Amino acid sequence: MRYLPLNHDDRRAMLNEIGVNSIDDLFIDVPKEAQLSGAIEGLNDHISEMAVERHFHGLANKNMVAGQGPFFLGAGAYRHHVPASVDHIIQRGEFLTAYTPYQPEIAQGTLQMLFEFQTQVARLFGTDVANASMYDGSTACWEAISMAGRITKRKNVILSGGLHPHYVSVASTMARFTKDILDIGMPDENGDADMARLLSSVNKETSAVVVQYPDIVGNVQDLRALSASCAENGALLIVVVTEPVALGAVTSPGEMGADIVVGEGQSIGVGLQFGGPYVGLFGCKSKYVRQMPGRLCGETVDAEGKRGFVLTLSTREQHIRRDKATSNICTNSGLCALAFSIHMTLLGEKGLRHLAMLNHQKAVSLADKLHALDGVEVLTKQFFNEFAVKLNKPSRAVLHELAEQGILGGVSMERLYPGKDALENIMLVAVTETSTDEDMTRFVSVLKELVA
Amino acid sequence: MRYLPLNHDDRRAMLNEIGVNSIDDLFIDVPKEAQLSGAIEGLNDHISEMAVERHFHGLANKNMVAGQGPFFLGAGAYRHHVPASVDHIIQRGEFLTAYTPYQPEIAQGTLQMLFEFQTQVARLFGTDVANASMYDGSTACWEAISMAGRITKRKNVILSGGLHPHYVSVASTMARFTKDILDIGMPDENGDADMARLLSSVNKETSAVVVQYPDIVGNVQDLRALSASCAENGALLIVVVTEPVALGAVTSPGEMGADIVVGEGQSIGVGLQFGGPYVGLFGCKSKYVRQMPGRLCGETVDAEGKRGFVLTLSTREQHIRRDKATSNICTNSGLCALAFSIHMTLLGEKGLRHLAMLNHQKAVSLADKLHALDGVEVLTKQFFNEFAVKLNKPSRAVLHELAEQGILGGVSMERLYPGKDALENIMLVAVTETSTDEDMTRFVSVLKELVA
Amino acid sequence: LEEVLIFEKGGVDRSGVDLESVPEFTSRLGGLERTEEIGLFGLSEAETVRHYTRLSRQNYGIDLGFFPLGSCTMKHNPRLNEKMARLPGFADIHPLQPQSTVQGALELIDQLAGWLMKLTNMPAVAMSPKAGAHGELCGILAIRAALEARGDAREVVLVPESAHGTNPATAAFAGYKVENIPANASGRVDVDALKARLGPDVAAVMITNPNTCGLFEPDMKVISDAVHTAGAFVYCDGANFNAIVGRVRPGDLGVDAMHINLHKTFSTPHGGGGPGSGPVVLSAALAPFAPFPMVRKVGGEYHLVEEENADAEAANSFGRMVAFHGQMGMFTRALSYIMSHGADGLRQVAEDAVLNANYILRSMEDVLDAPFAASGPCMHEAIFSDKGFADGMTTLDVAKGLIDEGYHPMTMYFPLVVHGAMLVEPTETESKRDIDQFIAAFRYVVQRAKDGDASLSTAPHHAPRRRLDETAAARNPQLVWAKE
Amino acid sequence: LEEVLIFEKGGVDRSGVDLESVPEFTSRLGGLERTEEIGLFGLSEAETVRHYTRLSRQNYGIDLGFFPLGSCTMKHNPRLNEKMARLPGFADIHPLQPQSTVQGALELIDQLAGWLMKLTNMPAVAMSPKAGAHGELCGILAIRAALEARGDAREVVLVPESAHGTNPATAAFAGYKVENIPANASGRVDVDALKARLGPDVAAVMITNPNTCGLFEPDMKVISDAVHTAGAFVYCDGANFNAIVGRVRPGDLGVDAMHINLHKTFSTPHGGGGPGSGPVVLSAALAPFAPFPMVRKVGGEYHLVEEENADAEAANSFGRMVAFHGQMGMFTRALSYIMSHGADGLRQVAEDAVLNANYILRSMEDVLDAPFAASGPCMHEAIFSDKGFADGMTTLDVAKGLIDEGYHPMTMYFPLVVHGAMLVEPTETESKRDIDQFIAAFRYVVQRAKDGDASLSTAPHHAPRRRLDETAAARNPQLVWAKE
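Residue numbers (this note's numbering), protein chains in the order written: chain A, 14 to 465; chain B, 14 to 465; chain C, 8 to 491; chain D, 8 to 491.
Please note: incorrect hints may appear among the correct ones.
Capping the alpha-carbon separation at 27 Å, the derived lysine-lysine pairs in DSS-like fashion look like this [claimed, not checked]:
(1) C/K125 x A/K45
(2) C/K184 x A/K192
(3) B/K319 x D/K184
(4) D/K490 x B/K319
(5) B/K363 x D/K184
(6) B/K319 x C/K439
(7) D/K490 x B/K168
(8) A/K75 x B/K75
(9) B/K363 x D/K16
(10) A/K363 x C/K125
(11) C/K184 x A/K337
(12) D/K490 x B/K192
(13) A/K363 x C/K16
(14) B/K337 x D/K184
(15) A/K300 x C/K490
(16) A/K433 x A/K403
(17) D/K16 x C/K439
(18) A/K75 x C/K125
The set of hints was computed from the structure by calculation and includes no laboratory data.
If you're wondering where the values come from, they're calculated on a predicted model, not measured in any experiment.
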């Protein structure tokens with residue numbers, strides 16, 4: 014058993030030292046009838062490392078890998094190139110195998126990194142502060158709604174139709190139990206109708222308005238009027254960012270007046286990983302900091318006056334406040350936050366802006382090529398790296414046919430909004446720096462045949 | 014330029030500090046006519062990390078990967094399973110990016126590892142001492158011949174016909190310049206004829222006899238009579254081991270009287286890598302230690318009496334002795350030695366013996382299956398994990414046909430011994446723990462058709 | 008050399024990436040171009056690698072030494088798991104790819120689910136929760152959904168005093184009133200008090216078993232039966248599953264829901280605070296209420312149950328908890344660990360973890376107060392109190408003193424039921440030799456605390472930092488860097 | 008915590024691997040079964056990872072800080088290179104696979120060869136040498152083969168005093184008599200003395216350029232012409248190619264052979280002492296004598312020239328130097344580095360390396376004797392002497408003092424032509440900020456040496472070990488562990 018250091022002699026010596034005859038004597042508290050006398054039946058015994066590898070290779074080979082051909086999926090998870098040094102660093106044992114930094118004197122590595130991460134997120138979002146990360150974007154979104162409720166003591170929340178439907182779904186699940194009242198919209202092509210709805214709905218009972226930026230169909234919209242209206246009504250504006258690379262190109266939510274900005278940080282440093290683990294980003298105005306969920310890292314000094322970092326404001330948290338805590342969270346997404354922070358450091362502002370413009374340019378280029386096809390219409394007019402495309406037939410079938418030809422062409426709205434017939438022909442297409450001209454040409458030419 | 018920290022402002026400030034106007038002023042010693050005014054023509058400019066990856070994936074995809082199907086090549090390089098932790102550890106920056114441990118106070122990691130490595134190699138070989146590694150097995154072999162010459166002051170060296178032909182080739186190249194006289198043999202099925210030649214040839218003029226164990230066709234032979242004969246004649250017995258895993262199963266060369274044992278350590282921890290980098294192993298009797306080539310790590314104490322390790326006996330080496338050095342080597346194969354040592358530590362004696370028997374058992378099993386085929390004869394009678402197989406037609410063509418069907422079936426003797434028609438139908442087949450029953454069954458069934 | 012912040016050494020015009028140049032084009036950002044400086048500082052790759060490598064050296068991890076943090080199960084993280092999780096077939100696939108193109112990924116989730124169900128003898132498992140506390144939430148929501156489905160509006164969740172803080176926080180988040188259950192003198196739940204409190208207003212009891220005192224609750228089945236009789240559900244906090252995995256199945260003890268911390272029992276790395284992963288096994292009574300997405304196999308094909316087919320295939324599901332399908336990267340690691348050990352190895356894991364803990368308990372009890380040692384063996388962790396320390400000497404001092412001896416301290420001041428609690432969990436991946444060394448160091452530091460060694464009050468002396476002022480940090484929180 | 012040897016903690020019955028069991032079978036080892044205990048100590052995987060992680064923490068590497076080891080070119084090792092070398096298409100292929108199944112590998116070698124030839128303006132390159140010194144041997148053997156081919160039995164190789172020890176060792180190994188060439192006051196080869204020595208017995212001149220004093224040999228072309236006129240060859244030690252890569256091509260200076268340390272100029276990791284890789288570029292005169300194997304492209308197919316076709320395709324080749332085709336793993340890394348930089352980036356590499364070195368030279372020359380500073384700028388490294396140190400204070404003391412400041416020391420006592428030489432090479436991957444910090448520390452330590460600070464004589468004080476007794480180690484060599 015390659016991971017277990019004790020051998021038979023060790024075990025014997027230790028049992029003797031303890032003063033018992035057998036290992037069973039240490040399990041005497043377990044009722045006899047619940048004790049299994051041997052290995053659980055129906056399960057395999059241990060196998061070699063090589064055999065495990067074979068098994069996993071077998072499973073992995075049944076999947077179609079994003080990097081193996083043209084790839085245009087987004088809708089909340091984006092394929093960006095992650096520099097090799099990111100993965101190298103996060104595998105350093107000192108980062109990988111450390112626990113939550115409860116003993117700050119020997120966890121300054123993690124803590125300083127988190128402090129840098131918080132600063133990066135706050136600057137990217139245009140918020141005063143940010144926390145040390147959340148599970149993912151969707152749970153961060155719900156935590157923001159919950160936080161707004163604590164601040165405003167109101168129960169009514171208005172969700173933009175442009176909010177990712179899975180985020181809406183998560184919020185709906187939670188609201189069912191917390192009795193929050195959600196006003197849910199549907200996406201529209203350019204977001205104008207939705208914005209009108211938001212502006213007309215917000216009132217003195219509104220706890221928060223939640224908008225996504227860029228939204229689910231890729232729209233980028235000016236949020237200043239909405240933030241003004243929220244402020245007037247004492248409601249909070251929560252902005253959700255599922256593609257943080259966009260913020261290298263567009264005005265930050267904070268700059269437009271958002272109270273809380275949350276996001277999915279997967280785009281930077283983390284990779285697709287079939288949906289997880291990802292990293293939730295969470296920033297807000299500093300006046301709300303004591304209502305924030307999740308871990309926070311703060312600067313302080315040690316007994317000799319040297320600068321150091323600690324987890325702070327833990328009086329908000331469950332291990333101190335128990336049932337009065339701001340949330341039940343006791344895990345962040347530390348290693349993914351590290352990956353995000355390293356990648357962001359490698360990029361720097363110059364690199365992020367360059368990367369963002371490269372994404373945008375490629376997306377514009379593909380949108381124009383697709384729009385030129387008969388039977389294809391690009392619906393989104395103002396976008397960053399993702400846009401909605403309407404076909405002359407149901408998109409899901411087309412995407413399956415594309416996959417048969419080695420092209421992962423986008424996300425069908427039918428999957429995201431099941432049962433909404435009006436959206437059936439629409440698909441979302443995302444373009445990042447990882448798409449080559451050849452990828453796009455191939456996609457356009459195969460799609461052309463499929464819609465002919 | 015992602016690896017370069019200086020930016021334009023830095024460069025300007027530094028030039029100012031130096032007191033020159035431009036970078037060209039720092040290259041004034043280079044004659045004008047040899048200075049290029051811009052980037053060298055005909056070469057590409059810098060590209061992104063992603064573009065480099067694409068290029069390398071393109072090249073890698075043109076190769077047939079050993080792990081993708083049945084694989085039976087050996088002949089001096091063996092495919093064994095290397096635990097994932099080996100590669101993890103050797104990528105620790107403190108090992109990967111360190112230099113030769115010239116400053117031992119801050120290089121104890123490398124030095125202690127080398128001390129452990131030397132101990133492991135010496136025990137595996139059955140020699141008193143071992144050095145800190147050589148380039149590879151073939152150069153270690155020549156260095157051993159050269160060392161024997163320094164010790165015996167003789168020029169005549171007898172090479173067994175079972176010595177890897179590339180090792181013979183390297184020795185021949187060197188001997189041409191050093192004027193050593195090599196007596197070279199040819200392999201025979203069970204090594205008896207060769208052994209008879211060696212025993213009858215060794216005399217008072219012989220500097221060394223070089224035998225491989227197991228030999229090129231897989232034979233394992235008792236070397237005790239030969240070592241006695243060498244000793245009688247004042248010649249040294251040099252034993253070459255190209256498959257160190259074998260020494261988990263068979264009596265060590267040291268135990269049979271070898272004076273110098275060298276080997277290729279690639280099998281343990283290093284991997285195939287198309288032939289390099291590998292790691293040369295070098296052990297000998299302690300009385301010859303001051304004639305050894307290469308780096309040595311030794312135990313000592315520091316100023317406070319704590320145990321520590323240093324490079325030692327460097328008075329043998331080129332940076333002190335210059336043209337009087339025992340060899341011109343100033344590099345070992347440190348990182349590969351580390352990989353070897355980690356893998357050996359993971360195995361331990363128990364693991365190595367188990368691994369060796371697993372290899373042997375699989376080889377015996379495949380040999381029997383092949384021998385049962387019409388048109389196929391297994392020539393080697395006593396072997397570890399590799400044996401010679403004689404087909405009813407030229408083996409090289411058969412191996413090409415096997416490759417067409419996704420099977421890398423062995424090494425043809427025609428490639429190793431070009432022009433030797435008697436060997437044309439023979440191929441070497443190696444079997445390790447990485448071969449499954451299915452691999453072997455498939456190999457046998459396809460081969461059966463090809464020789465039918 | 009002190010490692011300064013990236014904001015003190017980098018620059019907005021510095022970068023460690025090269026990108027292809029952007030051709031001329033007309034932007035379509037609708038006038039929202041970001042114009043102000045963002046303030047993101049970059050470094051060249053060379054500097055970046057060095058910055059983080061240096062930072063890492065200020066950290067302690069399992070790879071460096073013994074990490075006896077109780078209740079956190081800091082076991083060895085096999086590197087094979089890391090390698091498997093990075094296979095492009097798992098790492099480079101998108102959660103919304105057509106399901107026909109991710110059959111291997113779905114199969115992997117299904118295989119892991121199968122192991123978890125068999126190891127616990129439970130008929131269902133919800134795979135999507137992102138961490139232990141998220142799993143607790145999943146379990147409590149399933150309970151609440153089940154109660155709602157039968158029109159039963161219960162309001163109270165009972166939680167033992169010694170519970171992890173996440174338990175009451177979760178119950179409160181789900182809208183429940185939380186009441187404590189007292190412990191008896193031997194560190195277990197007071198079964199009579201619990202039974203007395205059960206009634207039609209109690210929705211669930213949340214029990215940690217093995218509990219946070221490192222003890223098995225011997226009356227677990229009795230408790231479960233009583234809870235079920237009262238119409239309520241049993242939630243088991245599975246944080247300490249490591250002590251019993253392969254030897255005891257929670258399903259045999261009447262548990263209705265239990266989260267499994269893949270990062271504890273199944274060795275996925277803690278990573279300085281996450282990511283975790285908290286699948287929840289469910290009893291037959293709760294199974295219909297499990298959240299989607301979930302993986303189903305029909306014929307030879309795997310598919311996801313999610314919004315589009317939930318009505319048909321999971322009509323009672325309480326809904327979605329996360330955007331995608333859970334922590335795939337942790338699933339690969341956990342399955343790699345589980346298959347490596349197999350049923351025989353996992354049983355050995357529990358045995359060695361318990362053996363190591365008892366060895367520490369018995370090797371320390373002559374010098375340190377072990378409040379529950381008299382009641383018999385412990386499970387995976389040994390608990391001690393600060394009784395007998397000299398005046399002014401605290402558990403914190405002992406913890407910081409251990410840092411100077413080269414160890415990460417044990418868990419301090421938890422659970423609250425033991426004064427100055429020290430919770431030591433060795434796990435099964437520590438060797439006898441390393442444990443013996445730790446015991447010697449622990450005894451030495453404890454002796455200093457008993458002797459009133461003043462220098463212990465200012466430990467650590469040999470760490471990257473001396474004691475840090477946490478009060479100052481909380482009083483005036485500095486959460487982001489600002490130029491002086 | 009001290010990390011003991013595996014032989015002091017492991018055991019012959021302990022192991023960190025699991026293997027499938029071996030079925031019953033009859034061994035075919037001919038009675039040679041190993042019966043005695045071998046004495047190989049094993050550890051579980053958990054312990055193994057910890058053992059080596061702890062050992063690693065006793066090491067200093069570029070990833071931790073500035074490593075100004077002169078003549079060793081300790082530049083950043085990009086992690087992309089590591090990733091590329093590990094692609095199974097390169098890492099998991101056998102050197103003797105049918106050549107049709109390794110076309111991508113052969114193409115990669117050919118591409119790297121192409122870059123090396125163009126960067127040096129030389130018509131051929133031998134790829135197989137395993138390290139710099141091995142490359143030197145390759146070059147010298149090619150020279151000897153060329154001379155033999157024309158029946159010219161020259162016996163002497165001229166080497167400057169300041170040469171790397173490998174140069175004379177190599178020449179001697181190849182059977183040559185070695186004679187020194189003196190240096191002039193400005194640290195360069197004394198051209199007149201060299202010219203005077205040239206004659207029909209001289210086979211080659213081995214010159215390091217830029218030389219080991221960090222200076223470019225301005226008369227290189229003059230020297231080459233003189234050597235060629237005398238019927239001899241010019242071997243250039245390419246260890247310092249980093250200073251001129253992309254700006255100056257050795258082929259333009261009349262060089263006949265030069266090895267290129269891929270682990271220096273082209274960033275493959277040094278790994279604590281190797282593996283290296285030393286391809287050798289060759290002039291037209293030497294190209295026919297290059298060793299095999301070599302890669303050739305005919306039509307669209309790559310093939311190897313080796314024993315079977317050498318007579319036909321490389322009749323004058325001096326033969327084989329290594330078992331297989333060279334350091335493939337280093338080729339992938341070097342090509343990844345080269346393509347990442349491109350022709351423009353490599354030129355910048357040389358410029359920044361030289362800029363950094365001159366910056367250090369000029370920032371130190373007011374406090375430290377820089378023997379050649381007056382003669383103008385240096386190339387990639389700055390050289391200083393111990394002139395001005397207080398009595399009893401040595402270069403060694405300064406080196407050990409730098410360790411306490413957090414730096415790896417510079418190269419000491421090399422080249423021999425400078426008294427108490429300190430050779431500082433910053434490379435291009437150090438930032439101005441890091442260099443400024445180093446300069447401050449270096450100045451501080453040098454001042455202590457000038458002031459006769461006694462504590463410097465016992466430095467380092469803050470390293471894993473104090474000064475180690477190298478004399479004792481050599482007097483009674485303990486090269487393997489033995490039980491006390």
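Verification of the supplied hints:
| no. | hint | verdict |
| --- | --- | --- |
| 1 | C/K125 x A/K45 | holds, 19 Å |
| 2 | C/K184 x A/K192 | holds, 15 Å |
| 3 | B/K319 x D/K184 | violated, 44 Å |
| 4 | D/K490 x B/K319 | holds, 17 Å |
| 5 | B/K363 x D/K184 | violated, 51 Å |
| 6 | B/K319 x C/K439 | holds, 25 Å |
| 7 | D/K490 x B/K168 | violated, 39 Å |
| 8 | A/K75 x B/K75 | holds, 22 Å |
| 9 | B/K363 x D/K16 | holds, 15 Å |
| 10 | A/K363 x C/K125 | violated, 52 Å |
| 11 | C/K184 x A/K337 | holds, 11 Å |
| 12 | D/K490 x B/K192 | violated, 44 Å |
| 13 | A/K363 x C/K16 | holds, 15 Å |
| 14 | B/K337 x D/K184 | holds, 11 Å |
| 15 | A/K300 x C/K490 | holds, 20 Å |
| 16 | A/K433 x A/K403 | holds, 14 Å |
| 17 | D/K16 x C/K439 | holds, 10 Å |
| 18 | A/K75 x C/K125 | holds, 25 Å |
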